[in-house]
Each structure stands twice: as C-alpha cells, then as structure tokens.
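Chemist: Numbering (the numbering used here), first residue to last: 1 to 138.
Some clues are possibly wrong.
[Stated by the list, open to error] Label pairs and their computed distance ranges (CB to CB):
| id | residue 1 | residue 2 | range |
| --- | --- | --- | --- |
| 1 | 112 | 7 | 14 to 24 Å |
| 2 | 58 | 111 | 34 to 44 Å |
| 3 | 48 | 103 | 11 to 21 Å |
| 4 | 69 | 14 | 31 to 41 Å |
| 5 | 73 | 43 | 27 to 37 Å |
| 6 | 14 | 67 | 33 to 43 Å |
| 7 | 10 | 70 | 32 to 42 Å |
To be clear, the hints were calculated from the coordinates, so they are not data collected in a lab. The C-beta atom is built at its ideal place from N, Cα and C for all residues, glycine as well.
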Amino acid sequence: MTTTNPNLEWLLENLVESTPGANHALVLSRDGLKLCHTRALGIDRADQLAAIAAGVQALSQSASVEFGDGTGGVRQSMTEFHGGVLFIVEAGEGAHLAVLASEDADVGLIGHKMDELVEQIGAFLTSPPRHPRHSQPA
1 MTTTNPNLEW LLENLVESTP GANHALVLSR DGLKLCHTRA LGIDRADQLA
51 AIAAGVQALS QSASVEFGDG TGGVRQSMTE FHGGVLFIVE AGEGAHLAVL
101 ASEDADVGLI GHKMDELVEQ IGAFLTSPPR HPRHSQPA
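Produce the complete structure using the sequences and hints provided.
Modeler: Structure, rendered in structure tokens:
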C-alpha cells in the first residue's frame, strides 16, 4: 500500500464526510509511517499525526502487557484533548486507522464507523514490518 492509493484515500474521505464531527483520517504503519490520509490533513500534518498515533499505540501496548491479560493486545485508543479527540484502531496486520474529530463528536458513532471501515477493508490494510537492508560483502 502506498500513500497514493486512490481507493483507500476515497474510503477515508468518505468516512470523514459521512461521519459528523470527524475531521481527518489516516492509515499508518505500526512504526509511524503514514500510508494514506485525507487530503485536508496535508502531508506534513499527516506525518506528524502518524508519529503521534504510533506513539500512543506503543504506550497503549505497554499498558496492555503490564496491566491487561499479558498478550499486549490493543483494540482501540482514544485520547481526548482540548479541542478534539484522537481515535486509533488496529486496521490489519501492522497497520492502524487514526481519526481526528471535534470535541463534541459522538464517540460511539465514530468508533462504529471506524470499525465498519476496518471490517470492510481490513485485509487490504496490512503493513508488514520493515527489515533493514544489509549490505553484501564485496
């Protein structure tokens, strides 16, 4: 999947347009690379949001390992801040879906719409781990 996947971009745009209070959507890899985002977010802000969302998910993962059942599974994260809410859900192997919403958004509706989208296209939202390239000896 690339940042220019028009089908995925269209689905993210549709999610934001059809969900009251949703402002931006982004698909990111587990390690914080943006894979696709809504146009209004812009490239630099999408990079910034991807890094933030990956950090939130990593912290949530650690909390799950320490205080959950030990498996490290995180279903979703929600961060409410002055002026908005950040929602993050797993969206396929190694990928996450993040949505920024206004502070008065219906959190249940946004969570439901995100789950629907992931269920609909989750198999396509995979981001396998990146492995460093090792140089071959000469």
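Chemist: Honestly, which of those hints from before does the structure not fit?
Modeler: Hint 2 is the one this structure does not satisfy, whereas the remaining hints hold.
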